[in-house]
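Here's the letter readout for the chains.
2 protein chains.
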Amino acid sequence: MYEDRIRCKELLKKVVSADEAALLIKDGMNVGTSGFTPSGYPKAVPLALAKQVEEGRKLKINLWTGASVGDELDGVLARAGVINKRLPYQTSNEIRKALNSQLESGVVNYQDQHLSHTPQQVRYGFLGKLDVAIIEACAITEDGHIVPTTSLGNSPTFVQEADFVIVELNTSQPKELEGMHDIYIPNDPPNREPIPILKAGDRIGTTYIPCGPDKIRAIVVTDIPDNVRPLGPIDDISKKMASNLINFLKSEVEAGRLPENLLPLQSGVGSVANAVLAGLLESDFENLEFYSEVIQDSAMDLVDAGKFVVCSGTSLTPSAEGLKRFNEKIDFYSKKLLLRPQEISNNPEVARRLGVISMNTAIEVDIYGHVNSTHIMGTKMMNGIGGSGDFTRNAYLSIFTTASTAKSGEISSIVPMVSHVDHTEHDVNVIITEIGVADLRNKSPRERALEIINNCAHPDYKDMLLEYYEQALVATKGAHTPHLIGYGHDWHKRFIETGTMKKK
Amino acid sequence: MYEDRIRCKELLKKVVSADEAALLIKDGMNVGTSGFTPSGYPKAVPLALAKQVEEGRKLKINLWTGASVGDELDGVLARAGVINKRLPYQTSNEIRKALNSQLESGVVNYQDQHLSHTPQQVRYGFLGKLDVAIIEACAITEDGHIVPTTSLGNSPTFVQEADFVIVELNTSQPKELEGMHDIYIPNDPPNREPIPILKAGDRIGTTYIPCGPDKIRAIVVTDIPDNVRPLGPIDDISKKMASNLINFLKSEVEAGRLPENLLPLQSGVGSVANAVLAGLLESDFENLEFYSEVIQDSAMDLVDAGKFVVCSGTSLTPSAEGLKRFNEKIDFYSKKLLLRPQEISNNPEVARRLGVISMNTAIEVDIYGHVNSTHIMGTKMMNGIGGSGDFTRNAYLSIFTTASTAKSGEISSIVPMVSHVDHTEHDVNVIITEIGVADLRNKSPRERALEIINNCAHPDYKDMLLEYYEQALVATKGAHTPHLIGYGHDWHKRFIETGTMKKK
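Line order of the protein sequences matches chains H and U. Last residue of the first sequence: number 581 in my numbering, and the count goes up by one each step with no gaps. Last residue of the second sequence: number 581 in my numbering, and the count goes up by one each step with no gaps.
A couple of the hints might just be wrong.
Where chains are identical, the list cannot tell them apart; a pair therefore holds if satisfied intra-copy or between any two copies.
[Stated by the list, open to error] Quick list of in silico lysine-lysine cross-link-like pairs, BS3-like style, CA-CA up to 25 Å: (1) K162 / K554; (2) K580 / K570; (3) K520 / K174; (4) K90 / K103; (5) K206 / K135; (6) K206 / K520; (7) K457 / K484; (8) K484 / K570; (9) K554 / K137; (10) K276 / K412.
Calculated directly from the structure, the hints in this document are not laboratory data.
Construct the complete structure from the given sequences, taking the supplied hints into account.
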């Protein structure tokens, strides 16, 4: 029973098998899909396409998504060797392997982008013509417009810009999702206007993706569910970081630099983010707003408790348990949760206007406050910068968290010089580890170095960091940013060669 | 004859000597001044303060300005050893020496900031309380508001936030400057609203800095002129870069990715910027708009020729000759030129909405497209990031120019790994040297490396760069961003040790 979800009846005749739809995708095409985290991405068509390739069809495509997606899209297409270019973000083991091994087959040319930049780059024509958009829907309206599912990502711009659209109508997605979305596509310069969001919960657009029946070439009906993932338990180090962060926010309120209900919170995903949100649940903070990318179980907990008055994101990414809870109370949640295109959820204009407090995770930070969010040991891409740059640069207050060590203590997350820079000293206000808090505001690089080393470094590495700093200070006669140039990445080199950053 | 410039007559009694006003500045104060480039900064009071220190007065202050200022402010106070903290930008030889030599006396703790960030950080209280604002004026209105002079910078926020204000009424500045300014201070979150600029020339504020007579503690009358600097001649390498850039813009118009009259142009200052604007003068482009920081002679040439229909900036910085021309035709220019606070001239919201084409200068770029705008050999601060980050990240199209070599060819401006990162791969669309143009759009790091090396590197360094890239590719088995970690800055190390990046 899917027919009632296709309310534009002339479109019923466009229902085809996944296999037939997959044949519409040709070699060399630019393919844009829905999906942001393992939520709301097409599944049946990419599975059929991968099968066709296994059975002998030859093709390569360029795959554009919202962000990371589930295995039924990134995983199967990477394993089938179908992907040439990939953007703007990924978390797939297969993609990661392919993009970090150019010398082997299955190479993927990956572009790591600010997530708010992708849709305008598509519209500006910087990425070439978009051939096809594959969009997961929970319904099609009377006028042939698309009602999306658990994420929005880049779908609105992909639908607008593609030559044609394939809809994956997913009956596992509740019809009640309709109304949760707020879809707005900015005009392009020179005709762009202010994005009229003044509060985190403001609605400025439509509840469907404008499309129309003519642009829809095929509809595939499926019931493959989102590949939701269990949440990891919150470890003690994450709890300590969360506690440091929440105490810091309290002290900012006491100092009069933040209102009592803070400002709209943005949070990355993962263990620390969950711990922070869990910590807020136990805190005295009330009437909070969430203006972020991804809405997970922890945000729903805060909605349940009445602490979050609104949650705006581009993706709903619950655990299996969270999804069950969401579906049971969908009428309640759909009034508190709001999904926007990532161009709007991550928009610098809106982030700066609202004054978000950004909270993101670093792979490593250096003693002057530069942050590496993407590259393991300076060369291998982990996931991507995601929205961290969109929010950090434009935040009222930008915070990065990282455990002080990794790999059972063999890696210090505080290093003399990061091996790759994603966020520069100009954009980073606060660094938090389980050891403590470094407040970098109103400090020169030399002042920051002592703040970071003394407050955030692990005891095993603190003296080594001070030694580097003091040697660099002497060698440069106290330059603005003292470094031993040519030796800044010796810690990384030592780890690559010996398996530890510690000196023998 | 200055009395007619003080139209609020009760303020006539607050006219004092520069010496008396300087005594209002106490040890430890945060002092915010007008000034952006050697334009519109206070001169008499800092000169008097420096003299008092020479004669035995002991004090240190923290100096906040718009950006760089003239020698009568930065130079004299640095030489007097008065400056403790300094932000957000400078180009002074004395300050540069002091901030790069912590081990010597006269240390300056310098914070390099995005120029649009400073005023909101002041209002948010992140930099401490502002004690006094010293603002150059060409007049004071009937209601005691301040009519600024040749730059706006951070003056509006400084006046709003300071405990009290010292006005330097400068009779060398023409009264006809009144009307050229457009002053708008955003509310702070959670009450900020959209900045209502839709076109580069839109006026949204007042022509004076709101102040009122009570806040003005002292008025000093002076006629010391802005310390305008001669423009250097445009060398052949700059001409070649400008020609490459203009041809690139033409090809973007032909490809349908830019309108025929382009989009509002932003340009840094210096020889290349002048060459680009001179090149536009000779080009077929018409009806151009300029939405930038600094308006120099070259922009006035384009206004004269009818090519620039509007020039919006935060500072008017002509040569002596340009100033003469400006003063002679002030009624004409004051209709075409517009000075805004730097929070607005550089605002990410506005830059992204208008879709500026940003054109800035790099000190060095690496083979993956990261840009160093600030640090010589990774440690010594040259000037600062200025507005380059505000514009670049939010541009429609972001362009960096650099000559392919420096120091008579001993330094390659294209290096394996930049020694300091100010702009990351995510923000840099195009790199231009006198050799050619590297278009980084829609390219992975490995694709970018070949584009940059082949199109932009100097022949003396091209093979060395290819060798590094190929060795890194093998060493990392084709990682996303191939690097020889631990050896990425060997070229800089070699230069520091031997005076050349070339191998012997």
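- Query: When no copy is specified for K90 and K103, does a C-alpha distance of 25 Å or less occur within a copy, between copies, both, or neither?
  - Reply: Classified as within; 23 Å inside a copy, 81 Å across copies.
- Can you tell me if K206 and K135 fall within 25 Å by alpha carbon in one copy, between copies, both or neither? Answer is within; shortest intra-copy Cα gap is 21 Å, inter-copy 66 Å.
- With identical chains treated as interchangeable, where does the CA-CA distance between K457 and K484 reach 25 Å or less: within a copy, between copies, both, or neither? within (16 Å within a copy, 34 Å between copies)
- Message: One pair to classify: K484 and K570, alpha carbons no more than 25 Å apart. Within, between, both, or neither?
- Response: within (15 Å within a copy, 31 Å between copies)
- 25 Å Cα threshold - placement of K570 relative to K580: both (12 Å within a copy, 23 Å between copies)
- Task: Check K162 against K554 for me: Cα-Cα at most 25 Å, and say if that holds within a copy, between copies, both or neither.
- Result: Between copies, since 19 Å is at most 25 Å while 46 Å is not.
- Query: When no copy is named, should K276 and K412 be tagged within, between, both, or neither for a Cα gap of at most 25 Å?
  - Reply: So K276 and K412 pass the 25 Å test inside one copy only (15 Å; across, 37 Å).
- Go through the copies and call it for K554 and K137: within, between, both or neither, with a Cα cutoff of 25 Å. Intra 55 Å, inter 23 Å, cutoff 25 Å: inter-copy only.
- Message: When Cα atoms must be at most 25 Å apart, do K206 and K520 count as within-copy, between-copy, both, or neither?
- Response: Classified as between; 15 Å across copies, 46 Å inside a copy.
- Query: At most 25 Å between C-alpha atoms: does K520 with K174 qualify within a copy, between copies, both, or neither?
  - Reply: between (40 Å within a copy, 18 Å between copies)
Checked against the numbered hints given earlier, the structure satisfies every one of them.
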